[in-house]
Structure formats: structure tokens, C-alpha cells
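Student: The two chains are supplied separately, each in an independent frame; assemble them into the complex guided by the hints.
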Amino acid sequence: MADTATTNGAVPVPLTTRKDWTSDQEVRWCPGCGDYSILAAVQMLLPDLGVRRENTVFVSGIGCAARFPYYMSTYGMHSIHGRAPAIATGLASSRPDLDVWVITGDGDSLSIGGNHLIHALRRNINITILLFNNQIYGLTKGQYSPTSEVAKVTKSTPFGSLEQPFNPLSLALGAEATFVARTHDMDRKHMMETFRRAHEHRGASFVEIYQNCNVFNDAAFEGITGKDHRAEMLIPLEHGQPIRFGADGEHGVVLRSDGTVHIVDVAEVGEDQILVHDAHRDNPGLAFQLSRLSRGPFEPTPIGVFRDVERPEYGTQMSDQMAAAEARRGGKGDLAALLRSGSTWTVGAG
Amino acid sequence: MSDTTTDEHAPHTLDRVVIRFAGDSGDGMQLTGDRFTTSSALLGNDIATFPDFPAEIRAPAGTLAGVSAFQVHISDHDILTPGDAPNVLVAMNPAALRANAGILSPGAIVIVNVDAFDERSLTKAGYETNPLSDGSLSAFTVYEVPMTSITTEVSKDAGVKPRDAERSKNFFALGLISWLYTRPIEPTLAWIDERFGSKPLVREANVRAFKAGYHFGETAELFESSYEVRPASLEPGEYANITGNTATAWGLIAASVRSGLPLFLGTYPITPASDILHELSKHKHFGVRTFQAEDEIAGIGAALGASFGGQLGVTTTSGPGVDLKSETMGLAISLELPLVIVDVQRGGPSTGLPTKTEQADLLHAMYGRHGEAPLPIVAAKTPAHCFDAAIEAVRLAVTYRTPVMLLTDGYLANGTEPWRIPDVESLPTIDPAFATGPNAEGPDGTPRFEPYARDENTLARPWAPPGVAGLEHRIGGLEKADGAGSVSYDGMNHERMVHLRAAKVAGIAADIPPVEVDDEGGDASVLVVGWGSTYGAIAAAVRRVRARGLQVAHAHLVHLNPFPSNLGEVLARYPTVLVPEINMGQLSRLLRAEYLVPAMSVSKVQGVPFRAAELEAIILEHMGATAAAAPSDGKVSD
Chain A
11 MADTATTNGA VPVPLTTRKD WTSDQEVRWC PGCGDYSILA AVQMLLPDLG VRRENTVFVS
71 GIGCAARFPY YMSTYGMHSI HGRAPAIATG LASSRPDLDV WVITGDGDSL SIGGNHLIHA
131 LRRNINITIL LFNNQIYGLT KGQYSPTSEV AKVTKSTPFG SLEQPFNPLS LALGAEATFV
191 ARTHDMDRKH MMETFRRAHE HRGASFVEIY QNCNVFNDAA FEGITGKDHR AEMLIPLEHG
251 QPIRFGADGE HGVVLRSDGT VHIVDVAEVG EDQILVHDAH RDNPGLAFQL SRLSRGPFEP
311 TPIGVFRDVE RPEYGTQMSD QMAAAEARRG GKGDLAALLR SGSTWTVGAG
Chain B
21 MSDTTTDEHA PHTLDRVVIR FAGDSGDGMQ LTGDRFTTSS ALLGNDIATF PDFPAEIRAP
81 AGTLAGVSAF QVHISDHDIL TPGDAPNVLV AMNPAALRAN AGILSPGAIV IVNVDAFDER
141 SLTKAGYETN PLSDGSLSAF TVYEVPMTSI TTEVSKDAGV KPRDAERSKN FFALGLISWL
201 YTRPIEPTLA WIDERFGSKP LVREANVRAF KAGYHFGETA ELFESSYEVR PASLEPGEYA
261 NITGNTATAW GLIAASVRSG LPLFLGTYPI TPASDILHEL SKHKHFGVRT FQAEDEIAGI
321 GAALGASFGG QLGVTTTSGP GVDLKSETMG LAISLELPLV IVDVQRGGPS TGLPTKTEQA
381 DLLHAMYGRH GEAPLPIVAA KTPAHCFDAA IEAVRLAVTY RTPVMLLTDG YLANGTEPWR
441 IPDVESLPTI DPAFATGPNA EGPDGTPRFE PYARDENTLA RPWAPPGVAG LEHRIGGLEK
501 ADGAGSVSYD GMNHERMVHL RAAKVAGIAA DIPPVEVDDE GGDASVLVVG WGSTYGAIAA
561 AVRRVRARGL QVAHAHLVHL NPFPSNLGEV LARYPTVLVP EINMGQLSRL LRAEYLVPAM
621 SVSKVQGVPF RAAELEAIIL EHMGATAAAA PSDGKVSD
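As given, the protein sequences belong to chains A and B, one line each in that order.
Going by this note's numbering, the first sequence opens with residue 11, and the numbers climb by one from there.
Going by this note's numbering, the second sequence opens with residue 21, and the numbers climb by one from there.
Looking at chain B on its own, in the form it has when it is part of the complex (with noise of 0.2 Å):
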């Protein structure tokens, strides 16, 4: 947070500020980031975010379990996460400051609703005395302003009754965080006339209340100055902030029009997989069907139907219901049809953490099935890259006539980035290739059909849905005698037929580009795996490690089976590899397993991402160098 400005009336220009908004469940703190960070990316900054919110809808209200929060990182130049410390707090309550205080930079600017703080919700936030006044928030700036009061005075002339204009506190906090990080108030006024344009009452509450945040900031006094983060010299074009989940959906629908494949979804909804669902449903017009099942299972099995019948069948789900869906997955690599698999992980076991991330499936994906049952596993890695995730799970599952995984989380679903918008003509295109015709003969030399025939350079098997005549066919979950297609129990032809399977899923190999290592100076003994949604906190750790005359390098993994055909070899350059993932070194197995490598695990299962500063201390450790050995010029950012 460099600081550069002189002038006393003119804000401070920052190069980059994480603010954290945090509040009950029910006082709107997703809304309140969620346009925080629109109006960021409007003006042109980079910007990353990472919403943090109980599975209760409303927890018991006031406590720690009720915190739902949104932090947000945005700055002038490009960033890889939404930040490790904030750098700002917002607190609506006691419970929001004692979730939070821990985890906030030295120096942080803390900025309290005062009128939460009374005597009962000091207690159930689990505080004995009040953290305003008992110094223990002495290492930050902290500005008390009454919230709740101003926003039911502003709005107490206009008919709105006064429990309905204490809810509007959240735009007050939003005007306050406007006007200290000089945010232009327009779009945020035509988004509220949209989005309460048909409660009148409720609109000119939240106008109120804005406005009063605003204005609040620049005549209080209490500030001494606002800020400014200038636009970020981002890749020329044009640009959209996106959630992984909108970006998934994007690109399943970009991947049907790409391949003229109608898509069909079916699926049951779970957190924290459903917003793909809810996207998808909007747009009809595309020709696409979305089908609400009764259960998982039923999901799986009605998109592979479809799927079937010449549609591009999609599933989206979460770790509980990938298990449910195990069996129809293992039919679809029987059937050898394309079909896509998304699993959105979260924390688990069982139900587990719904609303928390974690990359605990990887092993579920690659191995979860009874038999020898190999699929394609392609993994998103940034909010952004979803699309292209998307895009490509679909062109290997209608490529090789396959059901393919894939893995996003939770944290990539619901944190955005800014989204360089690609031309269409630019995207991948898909060829469904149908079946036209008999591709083999009959004993007496007379044409027919073999759905089991494959296609030399890919294995895959000719897809041919109803509706054409002389390729009728029937396909089953029972064996099938190598190219005729019709049931066989004959052990040789079963191994043959296992061995096809396996080789064609394995054969993606040539077909998917090298693992790329970004290694700089091209000497570093550290090389740092991942994959997923670790990308962006291990990219920072790398440039915090650069930044102090370091080298390390990463290699970062989309497709998980088959990995790219260099991944052995690339391994085998780094004396050390480590490969940081949020669940107990599911990747680090795999690698060791096939290539005999000292891969070793750096693991966290808390439900978070990792943090730039934990992965930079891992390496260091690693490199046999300590922070302290080799000081950072302290201008590298996350």
C-alpha cells in the first residue's frame, strides 16, 4: 500500500486495499460486496473476491455462527487472490469484529456499526468487555459510526416503518465504503432503481441510506482522507467481473452452440452447485433444457438419456452428490457417451462444510467407481477459467464419447474475477461427428452397424442416436463383445475391452497441451504442483519468493486424468516438489503413484483457501531460506 499523494484535499492513492464486509447472515454483506466490487471493476480495477458465509440461511442472529462475510481485493495492477489480511473491516456487529480482528493486517482501519454494541450483543458474540473501549483493538484505526441510527433517522420522513429501514444499514456501509475508496455512486443508484424499482418504499430506503454513507464519510470529520486505487493496465478489451458458477454455465452453453449440441441439464440442487442451474434456466432461448430431478441420480441418469438421444447431457452436483451419481457415471463409461460431470467440491464428509471450499473429490473423481472405470478429469483453476474448463470437458467428453469430471469448489463458485470477454469466433470448435451409416458388414457381406467399432487415432466409438434408420442398436451396462456391441461374458473379450477403455482415456494424453512451468530464471531447485483453485494463492507465493531474489517454480495441472504427456518429465527437473491442496495430499499420491517421484503434500482442510504468506513461508522452508534470511522489497503483491 504504497502512498503517494501530498496534496491534503485529494484522496490517497493506494495501489491496492482488501476490504472485508462482515455482518449477520441476514444483513446483506454479499449484496453489500457483490456491489462494492461491481463498481471496482467498472472503474477499472483488478479485482478478486472471496464470499465467506455460514450454510445456515439465518443463524441465530448476533452470534459468531451467524458471520457471513465478503472480502474483496482490488488494485491497480494484476492480482492472483482476494488477499490474506484485510486491509479494511467493516463490522455490523460485535460477532462480525471477533469473527474477523484476527485475521486483519497490522495498521488495519476498522470501521464499526457503534449501535451493535451494547451490553447483549457484546455477550453473545462471547466478549466480556467491550473491544471498543478495552484497548484491544489498540494495533488498528478503528472509526465507530452509528449505522442503524442514521439509516432509520434518513429514512424516518419517508413512510417506511423503522424495522424496515434499519435493514437498509448495508447500503449506509456501502455509501461510507464508497466514498472512502472515491467509488462513483451512479451505478450503485440505477442498481438499486432495478433491483427495487417495484418496492418503492424499499428502494428510497436504500437510496436514503446510501446517500447518508456517503455523505456521512465526507462531512464527519472523522476520516482523515479517502483513497484511490486506479485502473488496472489490464490486457486491452473488454472485460465483465464473473462468479466460476456463471462462468461454468457460459461455458457449457458457448461449448452447445460451439458443437450445434442441444444442452440438457439435469440435476438436483445443492450448494454450492445450484447457481449454475439457476443461470442455465435463463437461458432457454439457447435451446437449452434444464431438468430439476428428484433426486441426484435422477439427474445423472435424465442427462445421460439425453445424451442418449443426441443432446449434449451436463450434470452439475457437489460431493454428496457425486457419490449418488457414482453408478450412472460408471453406465456412461459402459455406454462410452459423452456427458459432463460438474462437481462444485466443498468441505466434507458427508454433508460435511456445504458453504466451504476444499479439493477433497480429486481421488472421488479419478477413482470413485466400482471396476475399471477411467474418465477424464479437467479442473478450473481461477473464477474466470471455468469457461474455458467448461468448454473443454466438453470438447474431450464428445470427442472421445465420454463422461467427464469436471472439478470447480466453492471458492471458485462464488468468487469473482475480472473476465476478459473472448471473441466467439475464437472458441473451440466441437464436431459431434454422428454416425451416418454402417460402418462395418455381416457375416454374408451384407452392411450393418457396429456401435462398438472405434475410430483408430481417438478409440472412440461411433455415436448414434435415435432417429436414423439401419443404426438402431441397443446398448447396456453388461460387457459388450468388442466392436459388434452385443452383450459377451467372455473373459478375454472383457480384458480387451478394459484395456480399449483405459487406453482411450489415456490417449487424451496427446491430444491436451504440455503442463507450462513458469520458472524464470530456469535454474530453481523448488518446484511448486497444483491444481484447481489454488492457482492464484500459489502464483502470489512464487512472486513473493521472486521478489526476494529467489527462484521457484510452478506448474499448475487443468487436466487431472490424463496428466499432460511432459508432467514426468517435468517432475523429474526439481530435486523438490511440493504440491499444496486443500485436502490430505490427494495430487502429491497420485504423482508419486505414477511417475515415483518425492512429491510432498503441503495440506490444509480449514475450509479456506490457502493464503499467500503460509505457501511463501512452506517454500521458504523448502528452500532452506526463513523470511527473515532474505527480506522482500516489500512491493510484491498478492
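Isolated chain A (complex conformation) (with noise of 0.2 Å):
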């Protein structure tokens, strides 16, 4: 890291290359699991962002995505389980000069820290969560999770799964998150790109990575995700763009009157009704109705940011009123004053 590149003037960031962001840490994950690419594509992403390792923190809990701190070469905690956005919120808010990553599961964000998870994306404190989604307990070998579809057999559920799962997207911009985005494991350009736009935004980014268990349960989205599938049954959002897929653009999206979303041929109902993506809107329902456009990865499935809008930070307001109180007191807290606030009396020597 001899060389530097000089962003903003001042105080030149190191010129860095993936190799400088990986640990001397064994990746330990199964042969073949998709947290590897994920891994990469963090690596090779964060060289050009301009930041610098000693301010970047990933934080995680517990499961087999939580292992990703250990791989990266910055400041790291692998907390407990569901945790990771609570001891995030308490350093991000407190050190808003870092860069604040939470690695986490589906088991890890939506089962055992649901509370956390909401929590975090409705103050919009700022910090980048990458949720792994696989659909499956991996490190507890196999059981269903908050994300496993109905009357899954797993060993846990023999006789199938009676739960209703999860919507990611549509549980975070229930929980008021600014920033909510999806990808997926096979298309590292498009990791990057996401992760990229999840960093840059200023509050609480939720990104849902497709991610593929080949252990306990392989090919979850290989129908969408497959290099085969991709342009049948992934639906890009691009901020502004008509929304439509298909290998020659020939499926879109409509918005009908009564507020839902549906997929149409171009071709049926002419370019000018296809829906334009707009991920500023500050009213979250159509981000969420495209959330629910696809009922699970059998189906043409949006990926990229379906929400993208600012709101005050968590952090920055909490510096904010600590700066207003000094301004009202007229500078720093005195202990000395402090102490002596209330009504006092003074005792005399003899």
C-alpha cells in the first residue's frame, strides 16, 4: 500500500488492491458455498471506494456467514447470535468517522435478531447490511429457516414446514429502511455495483444477497439465478428505466389502478405503460408491491434497489443535539458545575 490515490485533497487514502483487504485467515467455509463470491466481491469492491481499512469495520453474528470478519484484513467483530446490528448501532452511532458493515443470515437478521434488524433500519443508523439469504440453517447442519418456503422438509421438519416465511424486502421497508436492495451470488458485477450503492447511501442500507448453500440446500434459486434462467427470471431495477427483462426486453412491469404491480408482454400493452423505476420515491408502496412481485424464486424475481431515499441519520442527529446542548451551556460539561447543581449547603470547620 506504498502508493496513494487523493481523494477530497487532504489526507491522501492508500492506494489498495483486493489482496491488501484479505486476511491470513484459512476461508473456511464448504467447498462450493456461495459466501466465497460474496467474499470476493466485498474484497474487489473496496479498493475503489476510496476508504480506508483502519476505519472499516465489519461486524456479524453468529452462523456461517458470520465468519466473514475473520477474512477481511479490517477491524472485525463476530458477536453473538442476532446481535450484530445492536453492537453496530452502539459503534456506529458513537464513531460516525467509520464505516460500519453488519455481515448476517437469514437465521442470524430474521429469526433470532428480528428485533434488531428493525430496529436499526427504522432509526437509519448508519450501517451496511449484507443479509446472506440461503434459505436454510447451514451451521446448525440443516434445519428450515424464517426464509424457508412452505412444507420444506428439512431435517428439523420432517413432515414439511408449517411457516409462513419471511419477505426480506418486504419486512425492511415495513421497518421504514431507506435503503433496501437485492442480488445475488452468481453475478459478481452486480454485487458490486449494489453493495456499492449500499455504501455510498447515508443511513441504514439493507442489501438481500440470493446466496446459494450447495450443503443443505443446493440450487435454492438456480431456477432465477442460473446463467440459463437470468434473463427470464431476474427483473433489473434501474433507477429510471422502464421496468422490463426478458432476453430482448420483451416482458415489462405494470402498475394497475387498484395499486398492484403485474408482469405483462411489452409488446401487449406498448412501451409507454411499462412502469419506471423510481427508487427516490419517498412513498415506500410501490417499492413494496415490487417486493411481493415474485413469491420466491421460481418466478421472475426483481433484483437491485428497490428503495433509495435519504432521511436524517442516526448518528449524525445524536451529534447534533450534543453539539446544540453545548452551544445552549455554552461549551463543555464542567464536572465541577455539575456537581453542585442542586441545592447545596455549606457545612463550616468547627
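Be aware that a few hints might be false.
Claimed, not checked - Here are the in silico distance ranges between beta carbons for each label pair:
#1 B:Asp213 with A:Ser351: 14 to 20 Å
#2 A:Pro22 with B:Ile77: 57 to 63 Å
#3 B:Pro458 with A:Ala347: 38 to 44 Å
#4 B:Leu498 with A:Gly152: 20 to 26 Å
#5 B:Arg440 with A:Pro106: 51 to 57 Å
Stated by the list, open to error - Calculated lysine to any residue pairs in the SDA-like style (CA-CA distance at most 25 Å, straight line):
#6 A:Lys237 with A:Asn224
#7 B:Lys302 with A:Lys237
#8 B:Lys219 with A:Gly352
#9 B:Lys231 with B:Gly257
#10 B:Lys231 with B:Tyr247
#11 A:Lys151 with B:His390
Hints in this document: simulated from the structure, not taken from any laboratory.
Positions of the beta carbon are idealized from the N, C-alpha and C atoms, including for glycine.
Tutor: Given below as C-alpha cells:
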């Protein structure tokens, strides 16, 4: 890291490569795991972001994905199950100078840590949350997860799961998230672009990554993310562009007068009827509709940035309140004055 | 209560008095007691208070369940407790009388709001006959005062609705007691102005009620005389009356200032700890961040995240919250990061007695985590001592890179006493000693940073918050290789790490003062060992025993883990060791296990502190003496 690139003039950020962001720890995910490609995408993206290793922190909970921080040569914490958003909240709100990433899985953040996830989103903490969704519990060896499909047969559900799964994007949008996106582990370029956008966003960014667990839930997303299926099954969302997909863009999405969205053949309705994606819409209703366009990874499914709106970020507001308190009191707190701020009396000598 | 005045118009002088204000939860008794306490403190009395209120915000009016009381002990000399048996009871209704008549001292003054003693209220309180006329109060001097009717009468022409005017009757009671004990009225009038300035009608009603109460005492010729309690000769200095929760909050701020570490409080509201959050949230200009989390787990999680970032992470809670925080405390032990967990103990198990005090979380603090997970424990012994205890908890947390539990309780949290305000310069300094550079060499000789390389003396690991190039490191809840800190599943390494973590905490014994024994004569055979809020009651009981010409020793523990290094030797000196606790014998169990001494538990779990008299009787019993055999000279006080 000898060379430097100048950003913002003052303090040059060292030029780095993927290698600089890679720790000396041997990666121990199962061979063929989707986590490898996500790790690679992050390690390849970071040199491009103009950020410093020492100001970057990865915080995780428990699960396969949660081993991620060990493989980054940044600061990092592998914490406890489900609590990463809470820990990251304390870190990011008290250290606004840091880039804080939260690495989590569907069990970690949608089951045991569901409460922390929704509140971090609601508060708009300045963190970037990457949720590795493989629709299964991997580290505990194959139980159904809160995103597993109904009737899924697993070790803990030999007669099929009875539970309605969460739609992670619908959940995030319902939790007042300001940045919501989806990508998948088979497309490094799309991941990098999505992560870049998530990182740029001030406040809480939520990215769901469809990730293959080749041991316990192999090919769960193959039907939509496989090379041969993508054109027909993935619907790229691009801000300001009509929502179209298919090898020749022959399919599209329309908004009906009842507020629902539907897939149509462009030729049948006409190009001007196709919904133009607006990620910056203040009202999350349309993003919510898009999040529910697909019932699962067996139907055409939107990917990309669903929502990207501005709202004051928690840590900044916290700092602003502190600065305002200081201004109002005419400076930093005086301890001696605090200790005498109640009714006091003096007892004389003798 | 010696009576030394002869002039019939001058107030009679008392050396001390215990007054208990009691009424419905909505009657404003806490505020009344608090105001009386403040004016007494400003007058220079020594004071000790005991707010005693139900968990419900407004329990059914007029019932025993809804009685809220505030007890204050004022004196002209140093006192240790809020007093065993009140000398004066102000009862705003029959329920307040019935709930408290049993604890009054013989000959006590009982002032009742006679307007509230109607048939319906008497029935609600469970009285079959009117105690004011059935002779059941003959042991007391009873004054029947029509507080409600006078209060509404005086505000009649002030434009206040009668219903609102009636709510000022607590100020009437305060005025009356202020006259009876010759308290100055100006501080209270000034306070009413400030507090109710924005509500002129309420302000006016309260002022009128307060003055009416005061004048009633003066003119009604009901009372034979008024009384005075002269200033106490406390150690010279500037004093403030302070609650345990405020002292805890200020202690944390002081520790933040003295360490240069910005304070981050991650917490979730819970009785009786919430006031620490309320207090800290006012002081953002000290660089204090307060974060009201979505739950107890997030509260401590955020605090730990802030600690990782180089802040002073603190979480505050009570018993049920400690249950929820246990897993994160284990993580903090594994991460070896500074963190302070304040447990304002209350009656348990489960929701238990939210507003009542208990000391039953000691073993939880000691052992309430899976795995071998030791952490230091500090306990405050009086409301004002919460200030020092909070600073000590921070000192240990920062110096030894460990979570520390600070135990207070409901009695300390809400109780008050005069606190001699310390000189800021006299407070301990705390050095965060952040890591500044590499501390080891890699196999090829290049410098590198090992997050678990330890300081030889303290066994503390380096604290390296993000932001410093070259110190990037990853830590987590998985077992770490000694030194390098990378994940290690090696059994021998695990054993070494378990021993290192234990040795680090145990080693703190060399960094804390030896326990002091108060053994005046030097040859007592009974030692009373206490911890936490039993301090006042034990010290008062010991005074009582000594006033009988007998010897007894008292040792009080502030550090519960590790114990002071001389504790074993101290315990071995006394044939009889008594351990009074507001639990089923948790410290006594630890002492027996640790030192193989026959420490005897003295247990009480009624949601209230020990009374000095009950401890006195127990100590005497264990000395083979009895109250009758060795009468006290009567001059001793609690």
C-alpha cells in the first residue's frame, strides 16, 4: 500500500488491491459455498471505494456468514447470535467516522435477531447490512429458516415446515428502511454495484443476497439465478428506467389502478405503459409492491435497488444534539459545576 | 428524642425525628417528603430517606395496595438509616393510617386528614370501626386536621376548580409539618414558583395550601408546641442531598471526564433503574450519548459496540434485564473490553417486586453466565456512595479490559442522604492506555499487532479501537489463541485462556484496598459482615450494641469479586461471623465456600431494608446477651 490516491484533497487514501483487504486467515466455508463469491465481491469493491482499512469495521452475529469478518484485514467483531445490528448501532452512532458493515444471515437477522434488524432500519443507523439469504440453517446443519418455503422438509421438519416465510425486502420496507436492495451470489458485477450503492447511502442500507448453500439447500435459487435462466427470471430494477426483462426486453412490469404491479408482455400493453422505476419515491408503497411481485425464487424476481431515499441518519442527529447542548450551555460540561447543580449547603469548620 | 427546652413559646429541641408521609399513590407523598427533606438538608440536618411506593402508577384509590409513603429521618448528629419506627405519621386517608400504624414508635404523633375518614374510605381500608373514635390509637397522640376542606376553601376565590384545588392538599400537609418542625418556608415557596410557574392556577393553589397548612399549625392551638432539630455537625464542606441513582449517573460522568472516554449509555427503561437514564440524558454537553434501545439485549449490545469503538460503554438495568444481558456479558468477557453493567436490584424472581428492594442478584452477578465467565463486582453501600462505586467500577473495567457489574438496589436508588461534594481533582484518574502500535513480531520478524498479548502486571489485553492503521484486528466470541487472538479450538489453549481470564480478575485483589474492620475495642468475638445497602442498618445496630457496653465488629464489602486480599484473615479472627443480607444468604454462602468459615446468614426478604433494632437483637442473641440483660443508655440513634 505504498502508493496513494487523493480524495477530497487533504488526506490521501492509500491505493489498495483486493489482497490488502484479505486477512491471513484460511477461509473455512464449505467448498462451493456462495459465501466465497460474496467475500470476493466485497474484497474487490473496497479498493474502489476510497476508504481506509483502519476506518472499516465488519460486525457479524452467528452463522456461516458470520465468519466473514475473520477474512477481512479490517477491524472486525464476530459477536453473538442476532445481535450484530445492536452492537453496530453503538459503534456507528458513537463513531461516525467509521464505515460499519453488518454481515448476517436469514436465521441470524430474521429469526433470533429480528428485533434488532427492524429497529436499526427504523432508526436509520449508518450501517450497511448484507443479509446472506440461503433459506436454510447451515451452521447447525440443515434446519428450516424463517425464509424457507412452506412445506420444506428438513431435519427439524420431516413432515414439512408449516410456516409462512418472511419476505426480507417487504419486512425491511415495513420497518422504514431507507435503502433496500437485492442481489445474488452468481453475479459478481451486480453484487459489487449493489454494495457500492448501499455503501454510498447515508443511513441504514439493507441488501438481501440470494446465496446458495450447496450442502443443505443446494440450487434453491438456481431457477432464477442460473446463467440460462437469468434473462427470463430476473427483473433488473434501474432507477429512471422502464422495468423490463427477457432476452429482448419483451416482458415488463405495469402498475394497475388498484396499486398492484403485474408482469405483462410489452408488445401487448405498449412500451409507454411500462412502469418506470423510481427508487427515490418517498412513499414506500410501490417498492413494497415490487418486493412482492415474486412469491419466491421460482418466478420472475426483481433485483437491484428497490428503495433509496434520504432521511436523517441517527448518529449524525445524536452528534447534532450534543453540539446543540454544548452551544446552549456555552461550552463543554464542567464537572465541578455539575456536582454543585442541586441545592447545596455548606458546613463550616468547627 | 431528648427534650431540652423549657420556654413554653420557643420550639422544643429534638436531637432527631423520623417522619413518615403516607397517602394514596396519587396524593403526591413522594414530592411532599422530598421537599421536606430538601428544606431540612438546607437547614444543615443530617438526613436519610426511604421512599416506599407501590409498582402501580395509580393503584385503586383508598386501598392498602395504593398506599405510597416517604420516610425521612432528620437529626442534629450523624445518622445511618431512615429510622426504624417513625415518630410522626402524616396519614392522608384511612388506608395510609392502617398500612403504617403498626410500625410507629410508642407515643408517636399521628396527623390525619380527617376529611378522608368517611364510611366508604374506612371500609375500603378494611376498618370495621373508625380508628379515630374506637380507641385503637390510644398509644399515639392523634391530631385530626380537615386538610381537604381547608385546602379547597382557601383556593375558592382563586379561580381554581374545586377538584383541582383538592389536589393541593399534600402542600397543606407539607406546610403543617414545616411549621411543626420549624422549617423555613422560603425554599419551598421558591420551588413551587419554579416548578409550577407555567401553570399559574396550580401554582397559586399550591402556595395557598402550603401557607394554609403552615398557618394552621401556628393558629389552631391544636399542637402544644413546635419542634426544632438543629444542624448536625457534619464534616466541613459543601453538601448536596443526593439519591443513589443520581449519584450513580454523576459518578459515571465523573469517570468519563477523568478518563477522557466519552460515555455511551445503552439501556432499556426498567424500574428502579430508569432514573439513571433520565439523569444522563440531560447531560449531552458532557459528550454523553444515551441510547434507549429496543430491548435490554440491544442496550448492552450497543454499549459493547461503543466500547469496541473506544467509548466508555455502560448499560443500566435491574434483575430481569440482567437475565437478558447475560449472553452479551459473556461476550464482553471473551472480547475483554471495558463495560459497566449497573444492576439496581429489586425483588425477584421474575417481575417480582419492581419497586421494592432486595440484594438477591449477587450470585447472579457472580455466576450467572454459561462457561467459566468471571467478572469483577462492585457494590455501593449508601446512596451517596453510589458516586464512588460507579467511578471504581469504571476504573476496574478500563484498567483490566473487562465488564464490571455495579450492584446497587431500589433502596439506594431512591433513598437520599447528604453527600459531601468532592473536589474534582481528588477523584481518581483513569488511563485508557489505548494501544498505539504493534506489540509483537510475525514469524518473519515483521512487527504486528496481537490483540490478546497481555500486560504482565494486570494481564489486561491491549484496547485498540478502530481508526489506527496497523492495529486492524478481528475479535469474537469464539475461543482465541493466547496472544494472537485468532480463532483456536485447541484444548490446551482453551484451558490456558480460561485460567488467564480468571487470573486477571483474581489479580484485581492486589489493586483494591483491604477490607477495614470497625472493631472499636479490638476484642469483639462477633463480626458482622455486610455488603451493599445493609451498611446503614448494620452500622446502626453495631452502635446500639456498643451503647450497651458490649463489643461487636463490622466489616463492609464494596468489592465482591475479587474479595479484598485480607478478608480470609479477618474472618478467621472472629469465632462468630454474621452476614445480614436482603436475600437467602448469598454472601454467606460465598464466604463459607471461599474461606471455610462458619459464616451465618441473617436473612430478610420482605422488600424493605433491615431495621437497626432487629439486627441489634440478632447480634445480641449471638453474643449470648439479651436486650433486658444489658440495657442501652437510650442515647444511641440509628
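Student: Decide, hint by hint, whether the structure agrees.
Tutor: How the hints compare with the structure:
The supplied range of 14 to 20 Å is met by B:Asp213 and A:Ser351, whose beta-carbon atoms lie about 19 Å from each other. Checked against the given bound of 57 to 63 Å, the beta carbons of A:Pro22 and B:Ile77, roughly 59 Å apart, stay inside it. In this structure the supplied range 38 to 44 Å holds for B:Pro458 paired with A:Ala347, their Cβ-Cβ distance being about 42 Å. In this structure the hint that B:Leu498 and A:Gly152 lie 20 to 26 Å apart at CB holds, the actual value being about 21 Å.
In this structure, B:Arg440 and A:Pro106 break the distance hint of 51 to 57 Å, their C-beta atoms being roughly 39 Å apart. As the CA atoms of A:Lys237 and A:Asn224 are separated by approximately 17 Å, the hinted pair is consistent with the 25 Å bound. Restraint check: the Cα-Cα separation between B:Lys302 and A:Lys237 comes to about 58 Å, which exceeds 25 Å; the hinted pair is violated. Restraint check for B:Lys219 and A:Gly352: the C-alpha separation of about 23 Å stays at or below 25 Å, so the hint holds.
The suggested pairing of B:Lys231 with B:Gly257 is violated, with an alpha-carbon distance near 33 Å, which exceeds 25 Å. Proximity of B:Lys231 to B:Tyr247 is assessed by CA-CA distance (about 18 Å); at most 25 Å being required, the pair is judged to hold. Under the criterion of a C-alpha separation no larger than 25 Å, the hint pairing A:Lys151 with B:His390 is consistent with the structure, at around 23 Å.
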